[in-house]
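**Q** Letter by letter, the chains look like this.
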Amino acid sequence: MSAVAPASAVSARRRRRGRRATSRRADEVRTAFAMVSPAVTLIVLVAFLPVLYTIYLSLHQATVSHTGGFVGLDNYSAALRDPVFTEALANTTIFTVVSVSIELVLGLVVALAINEAFRARGLLRASVLVPWAFPVAISALMWRLMLQDQVGIVTYLAQTLHLTNNPILSDRTALMICAIGVDVWKTTPFMALLLLAGLQTISREVIEAALVDGATFVQRLFRITLPLLKPAILVALLFRTLDAWSVYDLFWVMSDRRLESLSTYVYEGVRVSQLQFSTGAAAAVMVFLSSIAIALVYIKGLGARAFGDEG
Amino acid sequence: MRARIAFHATCALIALAALVPVLWVLKMSLITRGELFASPPTLLPKHLTFSHYDTIFGDPDFRRGVLNSVLIAGTTTLAALLLGGLAAYPLARLRFRGRTFLMTGILALAFFPTVAILAPLFVEFRDLRLLNSFVAIILVDTVFALPLTVWILTAFFRQLPPDLEDAAKVDGATTLQAFRMVIVPLAAPGVVTAGILSFIFAWNEFLFANTFLFDPAHQPVTVVIPNFATQHTIDYGAQAAAAIAVTVPLALLVLVFQRRIVSGLTAGAVKG
Numbered sequence: 001m002s003a004v005a006p007a008s009a010v011s012a013r014r015r016r017r018g019r020r021a022t023s024r025r026a027d028e029v030r031t032a033f034a035m036v037s038p039a040v041t042l043i044v045l046v047a048f049l050p051v052l053y054t055i056y057l058s059l060h061q062a063t064v065s066h067t068g069g070f071v072g073l074d075n076y077s078a079a080l081r082d083p084v085f086t087e088a089l090a091n092t093t094i095f096t097v098v099s100v101s102i103e104l105v106l107g108l109v110v111a112l113a114i115n116e117a118f119r120a121r122g123l124l125r126a127s128v129l130v131p132w133a134f135p136v137a138i139s140a141l142m143w144r145l146m147l148q149d150q151v152g153i154v155t156y157l158a159q160t161l162h163l164t165n166n167p168i169l170s171d172r173t174a175l176m177i178c179a180i181g182v183d184v185w186k187t188t189p190f191m192a193l194l195l196l197a198g199l200q201t202i203s204r205e206v207i208e209a210a211l212v213d214g215a216t217f218v219q220r221l222f223r224i225t226l227p228l229l230k231p232a233i234l235v236a237l238l239f240r241t242l243d244a245w246s247v248y249d250l251f252w253v254m255s256d257r258r259l260e261s262l263s264t265y266v267y268e269g270v271r272v273s274q275l276q277f278s279t280g281a282a283a284a285v286m287v288f289l290s291s292i293a294i295a296l297v298y299i300k301g302l303g304a305r306a307f308g309d310e311g
Numbered sequence: 312m313r314a315r316i317a318f319h320a321t322c323a324l325i326a327l328a329a330l331v332p333v334l335w336v337l338k339m340s341l342i343t344r345g346e347l348f349a350s351p352p353t354l355l356p357k358h359l360t361f362s363h364y365d366t367i368f369g370d371p372d373f374r375r376g377v378l379n380s381v382l383i384a385g386t387t388t389l390a391a392l393l394l395g396g397l398a399a400y401p402l403a404r405l406r407f408r409g410r411t412f413l414m415t416g417i418l419a420l421a422f423f424p425t426v427a428i429l430a431p432l433f434v435e436f437r438d439l440r441l442l443n444s445f446v447a448i449i450l451v452d453t454v455f456a457l458p459l460t461v462w463i464l465t466a467f468f469r470q471l472p473p474d475l476e477d478a479a480k481v482d483g484a485t486t487l488q489a490f491r492m493v494i495v496p497l498a499a500p501g502v503v504t505a506g507i508l509s510f511i512f513a514w515n516e517f518l519f520a521n522t523f524l525f526d527p528a529h530q531p532v533t534v535v536i537p538n539f540a541t542q543h544t545i546d547y548g549a550q551a552a553a554a555i556a557v558t559v560p561l562a563l564l565v566l567v568f569q570r571r572i573v574s575g576l577t578a579g580a581v582k583g
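In the order they appear, the protein sequences are chains D and P. The first sequence: position 94 = 94 (this note's numbering), numbered continuously. The second sequence: position 134 = 445 (this note's numbering), numbered continuously.
Same shape as in the complex, but just chain D (with noise of 0.2 Å):
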């Protein structure tokens, strides 16, 4: 054998290895569709063509067991003029707004406590597992119990601080404080781990830089953290505002069926009322539209930066 190939044999051996390389390009290509296709595939059949025919039902006169005729947008005015969803709207509203501008300064708290605390970090961190644990619906159960006016722990109090007389179960008003109340004590700690991550990635040094230049808390706080938590916060946000906008378990169990939201109004027209079929449909395609503006606002937020693709 001679040391130096011939210039022809050289070529053939690169043109074989070209086409092995791209045959394992291919080979690559076709094993990742086969493998993510079993999960998009039901992702698809299950999440979004539904999402269509939800539009379909919107504009048409539907009942859960037949669909008539093409009746356009009048679905769409029906829920507007039905008092029940314009409460149900407002409900979903503010419970929304109160609970998530609350549950973001709580959070921000826990996450800076966590943050600092090094002896009690565990023990802190495992002790606000436990409420985001919770089903919702089972901290719903439970708060009703404490709420009950006869053997009620938070009604006995309310009442001996003379903040209340009447029983909470029964006044729509009281019922919805407190489900923010119960919300902001189940979801707090979520919006907390997440903010905590965030923290953990601002550098030490520059804290220690400020700590140096003599910042006060208060400094660091608004000057420092803040600005660079802001990515986490609108994260943690975008969560958060999302899921309170769909509030259902809440509402339904611990209410007794009195607070209305926008889910449960869809709820009903599937499972309870008829009538509410066509309208409910109409209802639920708003909730999908104003949860994709909502979170397109946060994303806006979030810079052009694209979300979930680190890669």
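These are calculated hints, taken from the structure and not from any lab test. One thing to keep in mind: the hints can contain errors.
Subject to a maximum C-alpha distance of 20 Å in a straight line, what follows is the list of computed EDC-like cross-link-like pairs (lysine to aspartate or glutamate) [unchecked claim]:
{"id": "1", "chain 1": "P", "residue 1": "Lys480", "chain 2": "D", "residue 2": "Glu28"}
{"id": "2", "chain 1": "P", "residue 1": "Lys338", "chain 2": "D", "residue 2": "Asp149"}
{"id": "3", "chain 1": "P", "residue 1": "Lys480", "chain 2": "D", "residue 2": "Asp149"}
Note that the coordinates shown come from a computational prediction; the quantities given were computed from them, not determined experimentally.
Start from chain D and add chain P according to the hints.
**A** Below, chain P without anything else, positioned relative to chain D:
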């Protein structure tokens, strides 16, 4: 010094706010009916009794509900891990067109308002005679557990050194073989994290279960209990016991795996 005290007071307050309500309901579940109605309420229980737990575990609907929850959440977890793991690997490792689009589409599901598809799914399941069946609920729960598992597993697969599969491929393994023989065995920690979070998600899911399942023979315990509460309206002790009994397994999972849960929940969320 004042700052230190304020800090410790804040920490204590946070822990108390999180735990006291749970402890109070635990106490309600362990005291007698008489003590439950005492006014003013007793701070610490005078007599401990397990009679409320006897009541709920004596109720066949409740027992059935617990089993159903285990079955639904368990199967959902396995299905989501399988489908999510398969999808996460190419999303993490392979180059192909449409990857970003797919990833965004799957993650968008995490923000999806599920009521938006309640009516069509109800109609479809009725036509397919799947209403009031485990198949229906496991199917939808699996789909909505996917963003979580895909997200966590993708982040996890990206951390593994690519040399491993490259070595396997040089030895002649196909992409799928490299995934199965090299990556899957190494992925156990990521799978555990994704599995716990899927399980908690499915255990806590309420809207779908309350819509598609009509009778206690199929309902998970989260749906059975509020109905149980309307039947046994006066039995507040039993309601408290039920709330505690359903949450204990989750609380234990959380305490044992808190580090994993926190890292799983926040995987990728930070990068935004």
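**Q** Decide, hint by hint, whether the structure agrees.
**A** A quick look at each hint next to the structure:
{"no.": "1", "hint": "P:Lys480 with D:Glu28", "verdict": "11 Å, holds"}
{"no.": "2", "hint": "P:Lys338 with D:Asp149", "verdict": "18 Å, holds"}
{"no.": "3", "hint": "P:Lys480 with D:Asp149", "verdict": "68 Å, violated"}
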